[in-house]
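Protein chains: 2
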Amino acid sequence: MATSGHTIKAFDEDLDRLRALISEMGGHAEHAIRESLRCLVQQDLDGAAKIVDEDKKLDLLEIETERRAVQLIALRAPMATDLRDVVAALKISSVVERIGDYAKNISKRVPLLESGGAIEPLSLLPEMGRMVTEMVHDVLNAFVERDAEAALQVIERDKAVDDFYNSIFRTLLTYMMENPNNIGKSAHLLFIAKNVERVGDHATNIGEMVYYAATGQHIMDRPKGDDEMMVEKI
Amino acid sequence: MATSGHTIKAFDEDLDRLRALISEMGGHAEHAIRESLRCLVQQDLDGAAKIVDEDKKLDLLEIETERRAVQLIALRAPMATDLRDVVAALKISSVVERIGDYAKNISKRVPLLESGGAIEPLSLLPEMGRMVTEMVHDVLNAFVERDAEAALQVIERDKAVDDFYNSIFRTLLTYMMENPNNIGKSAHLLFIAKNVERVGDHATNIGEMVYYAATGQHIMDRPKGDDEMMVEKI
Numbered sequence: 001m002a003t004s005g006h007t008i009k010a011f012d013e014d015l016d017r018l019r020a021l022i023s024e025m026g027g028h029a030e031h032a033i034r035e036s037l038r039c040l041v042q043q044d045l046d047g048a049a050k051i052v053d054e055d056k057k058l059d060l061l062e063i064e065t066e067r068r069a070v071q072l073i074a075l076r077a078p079m080a081t082d083l084r085d086v087v088a089a090l091k092i093s094s095v096v097e098r099i100g101d102y103a104k105n106i107s108k109r110v111p112l113l114e115s116g117g118a119i120e121p122l123s124l125l126p127e128m129g130r131m132v133t134e135m136v137h138d139v140l141n142a143f144v145e146r147d148a149e150a151a152l153q154v155i156e157r158d159k160a161v162d163d164f165y166n167s168i169f170r171t172l173l174t175y176m177m178e179n180p181n182n183i184g185k186s187a188h189l190l191f192i193a194k195n196v197e198r199v200g201d202h203a204t205n206i207g208e209m210v211y212y213a214a215t216g217q218h219i220m221d222r223p224k225g226d227d228e229m230m231v232e233k234i
Numbered sequence: 001m002a003t004s005g006h007t008i009k010a011f012d013e014d015l016d017r018l019r020a021l022i023s024e025m026g027g028h029a030e031h032a033i034r035e036s037l038r039c040l041v042q043q044d045l046d047g048a049a050k051i052v053d054e055d056k057k058l059d060l061l062e063i064e065t066e067r068r069a070v071q072l073i074a075l076r077a078p079m080a081t082d083l084r085d086v087v088a089a090l091k092i093s094s095v096v097e098r099i100g101d102y103a104k105n106i107s108k109r110v111p112l113l114e115s116g117g118a119i120e121p122l123s124l125l126p127e128m129g130r131m132v133t134e135m136v137h138d139v140l141n142a143f144v145e146r147d148a149e150a151a152l153q154v155i156e157r158d159k160a161v162d163d164f165y166n167s168i169f170r171t172l173l174t175y176m177m178e179n180p181n182n183i184g185k186s187a188h189l190l191f192i193a194k195n196v197e198r199v200g201d202h203a204t205n206i207g208e209m210v211y212y213a214a215t216g217q218h219i220m221d222r223p224k225g226d227d228e229m230m231v232e233k234i
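Sequence lines, in order, name chains A and B.
Numbering-wise, the first sequence is residues 1 to 234 according to full-length UniProt numbering.
Numbering-wise, the second sequence is residues 1 to 234 according to full-length UniProt numbering.
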């Protein structure tokens, strides 16, 4: 009995460490998204280069998460709910790493937008970035807290991100039509806006994983949020 | 000894079934990508609607893969290499499901491109689709065969996909500049081409997972393929 108690405690500690690692990854990814959009608006090329460079951290943290998750499974042989939590951690770390890739991709576009006058939708992107990074933050908190209800609330917020994106998309298209010289630059902004919108999708995706880890039910069984890749309304 | 042999055999059979499930998912995803591009070129609206509908299959297969992987870990408590294989299967199934999402997204755009004359780059998309679905096919074969070398060869092919995409991207931009009336339609084609290009990235990503599962080494330790999200050259 004492041994069993000890084992459970050790497992809980390992799992807490795994969750802390995911939170750490989330912090990096949120920072990278917000910072890449700040650099974009302020044309901070050095800042943008730094984000590209720092993405390695997330890659290494993902590897570390996988290593620890595998070790935890091998040493502690968790069952049922606990195993579901470890598998969720594995999958969530991949998604967070991908959010970092979007920030890196945005940062790489910063120097390409240097020349020429201001493009209006540019100023809306940081606000959209704020919306999606808050989703990432809250959904990872929901994972740490095993809070299925909080995960569902994050999923519901993706609709507003999609609407925001659609409005930016249309503005960019109008911009392209008014002046063909803007087309190259606007195409980059189109992809940047899309990247930010995709971060919202990924937060939603994590929300589904958190919901499953916490309840054992796939969200598919109930009315589903708009988690899928959207199509622009033109 | 007999019991141990039996257990190992049972594990191998379970793992083979898991691999077969991933191959099945891959078959669906490859078909969906190719078929979505055929529907696009031939304006087959019914075919496109069918792909959107059939994407549910991939979602269910991913859930089934996860269920079996978790069961396999819980019942057989695999160690080291075997556990790495199961974790790879888990992660790969998520990526294949995402490839299906790209096909679904392309299919949803088919009705939006209905009106108006032919756009030249359209005819290049099926060829690009063929390149990336072959990558998906070969990299999943590499997973089934545990062939790290074959995985590396697939990764190397992503460069050609990126070049192809870049050429389509530029053509579309020229197209937009020549006639502003084309901008809405071209924007959809831009996202479709991007989706196809992303499938190549995902095949590359799977290649890295296969390499790790087969060798225990992350590909990061050696000269790395161009696995990351690209930036268009304008």
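In short, the hints are calculated from the structure, not lab data.
Treat the numbers as computed from the prediction; the structure is a model and nothing was measured.
Please note that a few of the clues may not be correct.
Residues from chain B that keep clear of chain A, each with C-beta distances beyond 10 Å, as calculated [what the hints assert, rightly or not]:
id : residue
1  : 47
2  : 66
3  : 79
4  : 101
5  : 105
6  : 130
7  : 138
8  : 157
9  : 166
10 : 218
11 : 232
For lysine-lysine, the following BS3-like pairs were computed, each having C-alpha atoms within a straight-line distance of at most 30 Å [what the hints assert, rightly or not]:
id : chain 1 : residue 1 : chain 2 : residue 2
12 : A       : 233       : B       : 108
13 : A       : 50        : B       : 108
14 : A       : 194       : A       : 159
Glycine included, C-beta positions come from ideal geometry on N, C-alpha and C.
Okay, the hints, checked on the actual structure:
Every beta carbon of chain A lies more than 10 Å from that of residue 47 (chain B), the smallest distance being close to 17 Å; the non-interface claim holds. The non-interface label for residue 66 (chain B) is inconsistent with chain A: the shortest C-beta to C-beta separation is roughly 7 Å, within 10 Å. Its beta-carbon lying about 6 Å from the closest one in chain A, residue 79 (chain B) breaks the requirement of being farther than 10 Å from that chain. Once the 10 Å rule is applied to beta carbons, residue 101 (chain B) is inconsistent with being away from chain A; the minimum gap is 5 Å.
With a closest Cβ-Cβ approach of about 4 Å to chain A, residue 105 (chain B) is found to fall inside the 10 Å limit, against its non-interface label. Every Cβ of chain A is farther than 10 Å from the Cβ of residue 130 (chain B); the closest lies at roughly 22 Å, confirming the non-interface assignment. With a closest Cβ-Cβ approach of about 22 Å to chain A, residue 138 (chain B) is found to remain outside the 10 Å limit, as its non-interface label requires. Once the 10 Å rule is applied to beta carbons, residue 157 (chain B) is consistent with being away from chain A; the minimum gap is 20 Å.
With a least CB separation of 12 Å from chain A, residue 166 (chain B) remains clear of the 10 Å interface cut-off, as annotated. Interface exclusion of residue 218 (chain B) from chain A breaks down, the closest Cβ pair being 6 Å apart, not more than 10 Å. The Cβ of residue 232 (chain B) does not lie farther than 10 Å from every Cβ of chain A; its closest approach is about 7 Å, which violates its non-interface assignment. In summary, the hint linking residue 233 (chain A) to residue 108 (chain B) is supported, as the alpha carbons are separated by about 11 Å, within the 30 Å threshold.
Only pairs whose Cα atoms come within 30 Å are accepted, and residue 50 (chain A) paired with residue 108 (chain B) is rejected, the gap being roughly 38 Å. Using a Cα cut-off of 30 Å, the hinted pair residue 194 (chain A) and residue 159 (chain A) holds, with the two alpha carbons roughly 14 Å apart.
This entry does not satisfy hints 2, 3, 4, 5, 10, 11, 13, going by the numbered hints stated previously.
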